[in-house]
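Line order of the protein sequences matches chains A and B.
Going by the numbering used here, the first sequence opens with residue 125, and the numbers climb by one from there.
Going by the numbering used here, the second sequence opens with residue 52, and the numbers climb by one from there.
If you are wondering where the hints come from, they were derived from the structure by calculation, not from laboratory data.
Mixed in with the good hints, there may be bad ones.
[Stated by the list, open to error] To be clear about the criterion: a stretch of chain B counts as covered by chain A if any three or more of its residues have a C-beta under 8 Å from a C-beta of chain A, and this derived list gives those stretches:
{"#": "1", "segment": "146 to 160"}
{"#": "2", "segment": "176 to 190"}
[What the hints assert, rightly or not] With the Cβ distance kept under 8 Å, some of the chain B side facing chain A (calculated, not the full set):
{"#": "3", "residue": "E163"}
{"#": "4", "residue": "L165"}
{"#": "5", "residue": "E169"}
{"#": "6", "residue": "L173"}
The beta carbon of each residue, even a glycine, is placed where N, CA and C say it ideally should be.
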Amino acid sequence: MGSLFNALHTSIDAGAVILIAAMGSLLAERSGMLNLGMEGMMALGAVAAVVAAGQLTSPLLCLLVGIAAGALCGLVFGVVTAVIRANQVLTGLALVLLGVGLANRIGTDFAGTPMSTTFSSWPIPLLHEIPYIGRALFSHDPIVYVAYLVLPAAASYVLFRTRHGLNVRAIGENAAAADAAGLRVTATRTIYATIGGALAGMAGGWLVLSLTPTWTQNVTGGRGWVAIALVIFAYWRPWRVVGGALLFGGMISLGFLAQDQNWGIPAPVLAMLPYVLTLVLIVLPAFVPSIRARRAGAAPAGLTLPFYREAR
Amino acid sequence: MYDPQPPDVQNDQTVACADARATVVEMADIWKAFDDFQALSGASLELQAGEIHALLGENGAGKTTLSNVLTGIYRPDVGTIRLDGEQRRFHSPAQAIAAGLGMVHQHFRLVEPLTVAENIHLGRPELPRRLSRRRLISETAQAMEQYGLTVNPTARIWQLSIGEQQRVEILRVLLRGARVLILDEPTAVLTPSEATELFAVLRRLAASGRTIVFISHKLHEVLAVSDRVTILRRGMNVATRPAAKMTPEKLAKLMTGTERVMEAPRPSKGRGKPVLELRNVSARGDRGLVSVREASCTVHEGEIVGVAGVSGNGQRELTEIATGLRHPFEGTVAIDGQDLTARLPGDFVSAGVGHVPEDRIGSAIVPSATVVDNAVLRAFRTGELSRAGVMRRGAVRVFTDRLVTAADVQLPDIDVPIANLSGGNQQRFVARREAWAADRLLVAAHPTRGLDVRAADQVREVVLDRRDAGCAVLLVSDDLDELLAVSDRIVVMYEGRIKGDFTAAKARRKEIGYLMGGGDLVGGAGAEAPS
Chain A
125 MGSLFNALHT SIDAGAVILI AAMGSLLAER SGMLNLGMEG MMALGAVAAV
175 VAAGQLTSPL LCLLVGIAAG ALCGLVFGVV TAVIRANQVL TGLALVLLGV
225 GLANRIGTDF AGTPMSTTFS SWPIPLLHEI PYIGRALFSH DPIVYVAYLV
275 LPAAASYVLF RTRHGLNVRA IGENAAAADA AGLRVTATRT IYATIGGALA
325 GMAGGWLVLS LTPTWTQNVT GGRGWVAIAL VIFAYWRPWR VVGGALLFGG
375 MISLGFLAQD QNWGIPAPVL AMLPYVLTLV LIVLPAFVPS IRARRAGAAP
425 AGLTLPFYRE AR
Chain B
52 MYDPQPPDVQ NDQTVACADA RATVVEMADI WKAFDDFQAL SGASLELQAG
102 EIHALLGENG AGKTTLSNVL TGIYRPDVGT IRLDGEQRRF HSPAQAIAAG
152 LGMVHQHFRL VEPLTVAENI HLGRPELPRR LSRRRLISET AQAMEQYGLT
202 VNPTARIWQL SIGEQQRVEI LRVLLRGARV LILDEPTAVL TPSEATELFA
252 VLRRLAASGR TIVFISHKLH EVLAVSDRVT ILRRGMNVAT RPAAKMTPEK
302 LAKLMTGTER VMEAPRPSKG RGKPVLELRN VSARGDRGLV SVREASCTVH
352 EGEIVGVAGV SGNGQRELTE IATGLRHPFE GTVAIDGQDL TARLPGDFVS
402 AGVGHVPEDR IGSAIVPSAT VVDNAVLRAF RTGELSRAGV MRRGAVRVFT
452 DRLVTAADVQ LPDIDVPIAN LSGGNQQRFV ARREAWAADR LLVAAHPTRG
502 LDVRAADQVR EVVLDRRDAG CAVLLVSDDL DELLAVSDRI VVMYEGRIKG
552 DFTAAKARRK EIGYLMGGGD LVGGAGAEAP S
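Assemble the whole structure, with the sequences as input and the hints as a guide.
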C-alpha cells in the first residue's frame with residue numbers, strides 16, 4: 125500500500141517537469157508559434173540553474189536564472205520566426221541541437237556533483253498528515269503546487285476569460301483576421317514565444333533543482349519532446365495538460381515501482397514507457413477517426429504559419 | 052482623372068443631403084507595385100458622405116489593391132490620402148480603423164472557431180479586459196438590433212452560412228465606428244435574395260450619412276445600388292460618373308475599353324455517344340452526411356449539361372464524383388462505357404477528364420509553385436513534356452508560354468509563383484489548362500465565379516470550344532443566366548437529388564427556380580426523360 129502512494133508522489137513530481145514545459149508550449153502554440161526547440165530550451169534552463177547554484181544560495185534565484193535563460197531562447201525564436209519569418213520547424217530543430225549541445229558543453233564541469241542548493245518540500249499544514257494520501261499529494265516543493273494549480277488556472281483564465289486571451293487565440297487561429305481587427309500579431313507572437321521559452325527554462329531549472337538534483341549530460345532526456353506531444357494530446361487545453369502530465373508521470377513512476385517490487389521487467393523496458401505512451405498517443409488518431417477529427421479541430425489553425433500583411 | 056459632378060445630378064435617396072456631399076476621402080495619384088507587377092499606376096478616388104460609391108473594374112484592374120491601400124493593409128509606394136481634408140498616412144489597419152475606415156473583405160477576416168460575439172468584439176478598444184460572456188452577447192444583440200443585421204451571437208463562425216458571415220463582418224466594422232465602409236465584391240458569394248437584403252442594408256447605412264464603397268464587376272448591381280461609379284482599368288482611373296446616367300453598355304465599354312459584344316448562345320452541332328454516365332450514385336459530403344442521393348445523369352459528346360441549384364445542394368460532390376475525387380457508396384460511374392466506380396482520380400485523368408474545381412486555390416493550383424510548374428500539372432507525363440520521367444525543360448517552357456497566351460493570362464514572367472497572379476488570371480489559367488486536358492469530358496464548377504465580364508466571356512468561350520470539339524461538358528453554376536446561355540440541357544439539384552431535365556431551348560426560368568427551391572414538377576411540364 126505504502127509503495128503505491130510513494131509511486132503517486134513520484135508521478136506528481138515527474139509529471140510536473142513535463143507539465144511546466146507543456147504549459148509553455150501550449151501558450152506559445154495558442155498564438156500560432158510552434159517551438160520544437162523545447163528540449164534545447166529546457167537543457168539551457170537546466171544548465172543555467174546549475175551554474176547559478178555555484179554562486180547563489182537560494183533555489184528560487186537559481187530557478188529564475190533558468191527561466192531567464194529559457195526566455196532568452198524563446199525571444200530569439202520569436203524574433204527569428206515572427207519578425208524575420210524564418211520557418212518555425214527548422215528554427216525549432218536548430219534550437220534543439222544548439223541548446224542541448226551547448227548545455228552539455230557548459231555542464232561538463234558540473235557533471236556528477238550534487239547541487240549545493242535544492243528546493244525542499246513544503247508540506248501543507250494538516251492536509252499532509254492525512255494517512256497515505258497526505259504525503260502523496262500534499263508534501264511537495266512549492267514549484268509543484270505552482271505547476272499543478274497556479275499555471276493551469278492562470279493559463280486557462282487568461283486564454284478564455286480575458287480580452288487579451290481572446291486576442292491571442294484569434295492571432296493563433298487566423299493572423300490575417302486578427303490583423304484586420306487591429307491586433308498586434310507580430311508583437312504578440314514574439315511575446316508568447318518568449319513566455320513559452322521562459323516556462324521551458326523553468327521546467328529545466330526545476331528538474332535539476334529538485335527532481336534529479338545533479339547535472340548529468342542530456343539530463344532533460346526527451347522531456348521537451350514529450351511536452352510538445354502532450355499539448356496535442358490535451359487538445360491545446362490547459363487543464364487537460366494537467367491530466368496528461370499525471371499520466372506521463374505515472375508511466376515514469378511505474379518504472380520505478382516495477383524495479384522496487386521486483387516485477388522482473390528489465391529496467392530499460394520500463395524506462396521506455398513514457399516514450400512508448402507518447403508514440404501511441406500521437407499515432408492513435410490514425411486508427412480512431414473521432415480522435416483525429418477532434419484533434420484537427422482543436423489545433424490552432426494558424427500554427428506555424430508566418431504572417432505577411434502584404435501577402436497576396 | 053476624376054471629373055467633378057454637380058451635386059444635384061444623382062437620384063438622391065439619402066436624408067443627410069445638405070452636408071452629405073462633403074468630401075470625406077480623397078486619394079490622389081496612388082502607385083503600388085508587387086515585385087514586378089504594377090498594381091496601381093496613379094489611381095485616385097474621391098468619396099462623399101452619404102453616398103454609395105461603386106468601384107468597378109476588370110480583374111487585376113486594382114480595385115482591391117486601392118481599397119487595401121485606403122485601409123492601411125498595403126502601404127502605397129507613392130500617393131496621398133486625405134481624410135476630411137487632412138493628409139493621413141496609415142501604417143496598419145488599426146490606424147485606419149481608428150480613423151473610421153472599415154473594410155469588409157472578399158475573403159472574410161473572421162476567426163472560424165470563435166463565436167459571432169467574440170468576432171464582433173475582437174480588437175475593440177472598448178472591450179473590458181475581463182470578458183463577460185453575457186455582456187458580450189447582450190452588446191452584440193443590441194448592435195444587431197441597431198443596424199438591423201441579425202445572427203445568433205453564440206454561434207461559431209464555421210456554423211454560419213456565407214450570408215450570415217458577411218453580416219457578422221459588416222457588424223464588426225460598424226461597431227468599430229466606421230464612417231467609410233468598403234465592401235470588396237460583397238455579392239460574389241451571396242444568393243440573389245441575400246444580395247437584395249444586403250442592398251437594403253447598404254442603403255440604410257448610406258442614409259445615416261456613412262459612405263459605402265461597393266467593389267464589384269457585376270454591372271447591373273452597380274447600377275441598382277450605387278450613386279456614383281468610379282471605373283478603374285489597369286491600375287488607373289478611367290472615369291467617375293453618376294450611376295443614374297450610365298447603362299450597362301456604357302459601363303462595360305469604360306471597363307474593358309471596348310464595346311461588349313453580347314454573344315448569342317451558340318447551339319450544339321448535335322450530340323454523339325454518351326461519355327459520362329452516372330447511375331443512381333449516392334455519396335457522403337465532407338461532414339459525413341449523404342449529400343448526393345441516387346443521382347443519375349448522362350452527358351454526351353458535343354453537349355453541355357448545366358447543373359442548376361442553390362449552392363450546397365450536392366453540386367460540388369457531384370463534380371467530385373464525376374472526376375474520381377469522391378467515391379460514391381452506391382451507384383456506378385462510367386466514362387465512355389468504362390466503369391470507373393471507386394477508381395483513382397488519375398484513372399479519370401487518363402480517361403480524358405478535365406476538372407475546373409470550385410475552389411481553385413485549394414485544388415487546382417499549387418499557389419507557391421511557379422506558373423511553369425502549374426501549367427504542366429496535368430500534362431507532364433506526356434511524351435511532349437517528359438521523357439523517361441525527366442522533364443524536358445525547353446518543351447515545358449514552350450508549353451507554358453502557349454497556355455499563358457491562349458488563356459490571356461497577364462503576368463510579368465512565367466517563373467513567378469502563381470499565387471502572385473490575381474484571382475481572375477488564375478481562373479482563366481486553370482480553365483484553359485483543364486480544357487486542354489479534357490479530351491472526353493470537362494467538369495467545370497462555377498468557372499466564371501468572381502470573373503469580370505470579359506474574363507467570364509473568355510472562359511465560357513473555352514467551354515463552348517471544348518463542346519464543339521466533341522467533348523462532353525458538365526457545367527455547375529449558380530448563375531442561371533449563364534446556364535441558360537451556354538447549356539444544351541439543364542438539370543436541377545436539390546438536396547442531393549437531380550430533378551428535372553430540360554432542353555435549354557425549352558427551359559423556363561420560373562420552372563427551374565421552382566425546382567431549385569425544392570418544388571416538384573407536376574405532369575413533367577417542360578421536362579424530358581433522361582436519355
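Discussion item. When the structure is checked against the list of hints, which entries are broken? Sort them ascending.
Written reply: none
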